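Participant: The chain contents come next:
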Amino acid sequence: MSSERSLPPEILARRRWMGLAARSRPDRLRELLPELPAHDLLRAPEIGAVMVEGRAGGTGTPFNLGEMTVTRCSVRLGSGEVGHAHVQGRDRDHARRAAVLDALMQTDAAQGLEGGVLAPLAKEEAARRTVRAARAAATRVEFFTLVRGEDQ
Amino acid sequence: MYVAVKGGERAIDNAHAWLSQARRGDPSVPELSVAQIREQMTLAVNRVMAEGSLYDPDLAALAIKQARGDLIEAIFLIRAYRTTLPRLGSSVPVDTGEMAVTRRISATFKDLPGGQILGPTFDYTHRLLDFTLAANGSEVADVAASLAEPAEGVPHVMEFLNKDALIQAELQADGSVPDLTREPMELPASRPLRLQALARADEGFLLSLAYSTQRGYGRTHAFVGELRIGAVAVEMEIPELGFPVEIGEVELTECETVNQFTGSRTEPPQFTRGYGLVFGQSERKAISMSLVDRALRWRELGEDFTGAPAQDEEFVLMHADNIQATGFLEHIKLPHYVDFQAELELIRKLRRETEQGDLAAEEQP
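Chain order of the listed sequences is A and B.
Following our numbering, the numbering of the first sequence begins with 1 at its first residue and continues without gaps.
Following our numbering, the numbering of the second sequence begins with 1 at its first residue and continues without gaps.
Heads up, none of these hints are tricks.
Derived, one-sided and incomplete: chain A residues facing chain B with beta-carbon distance under 10 Å:
no., residue
1, 64
2, 87
3, 89
Derived by calculation from the structure, the hints in this document are not laboratory data.
This structure is a prediction, so every number in the text was calculated from the model and none was measured.
Every residue gets a Cβ at the ideal spot worked out from N, C-alpha and C, and that includes glycine.
Take these sequences, add in the hints, and give me the full structure.
Facilitator: The following block contains the structure:
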């Protein structure tokens, strides 16, 4: 997205994993990351609303479109890393798991989690998006213009 | 005078018990699950999310079940629930140019980059009842998927007109975004405030207003420049981190109208814009919203106020919310015994006075 351009690589990497965790289906994330290490809750999972903004004309002045449900959570691992999560919906377990994943990605476990959790999530999301795009493409109208003889 | 009435509690309990039975219907028919409503009554779910002003398909489906399919009652339930949620923040404005489109059409440009994509539409169906759906286990058609390269980007059509300066530019005035859920609406309203009110407005009310502009009450000569439906990422700046992350994805319908405009005292001849953006798949509402948005912009474009309802900001904004409307409308069925007693006294008094007046008149020679 446009906001990505000016950000340093370590922030882009964190944005990527936090986004993948937030967009993942809660049961799928639980399947891929069933065991959570010991952690303290800095902020227990809390259900709330986030106001979604749009722009007039798609590109103009921002306006409030309406809210969406979001659950947030912050945790600290025994080793000190702090993880945050804001995830769509009202699944407290999802928010907690995403926050723990965010913290774990700052530890030596990152490489293993990249292969075991993030890569499958990214792959499955890409597959869902490809299916959606291919279905849309199949309903694309191909216009062609008939040229009348006398116009040639 | 205050009158306390006793003895209603048991009647109310019994009425509610009956309501829950009526909601369930014939017990020999399997009960609907919330997931079934969410997946198979999607457009009803979308409407409840849009007008409830809360994007959560599971909650909207639950509300529809609880409300026995009465969508305004369901919207009421969602609005009430919404007030119990703490506000965690605001998103970065969504970028609809980056939408993963499932539908995208233009009535003004035939050969637009990215193409005309029909998506899962009712258009071109014959509107004949399909009795195969009444038979259990009806077959679902196979969905074609194109192996052709899906379009890279699907740019907004309006950008092409913008390049030639033929259409009014959208100005970006960043600043605090007005929120009618936080401060009472003040008139005249800014365009962002109007758009928020329209986005949660009653679909039927907006449809009728938009239709009235097409029939001549505040005509705006609208074409659908572009209508698109699809998924958009929602990003939010996390205070602890100081940078935005994606927190989820919402389905939106966006409509941009191109309106003929022959110029006014202040503006040159050019195309002007109306804008509609709605939660979920709801193109009737999005088109209606963009027509009404355009009609309400008469002042900034230096047009005349013709007295048309769709141009009248106070009329539109104060009557567009179906929960406010139904709340006030339906309250008149609740006990007004004391009010009515006073009215009754008044009528009797007036009657007595007229009768005495008549008597006095007869006695005059």
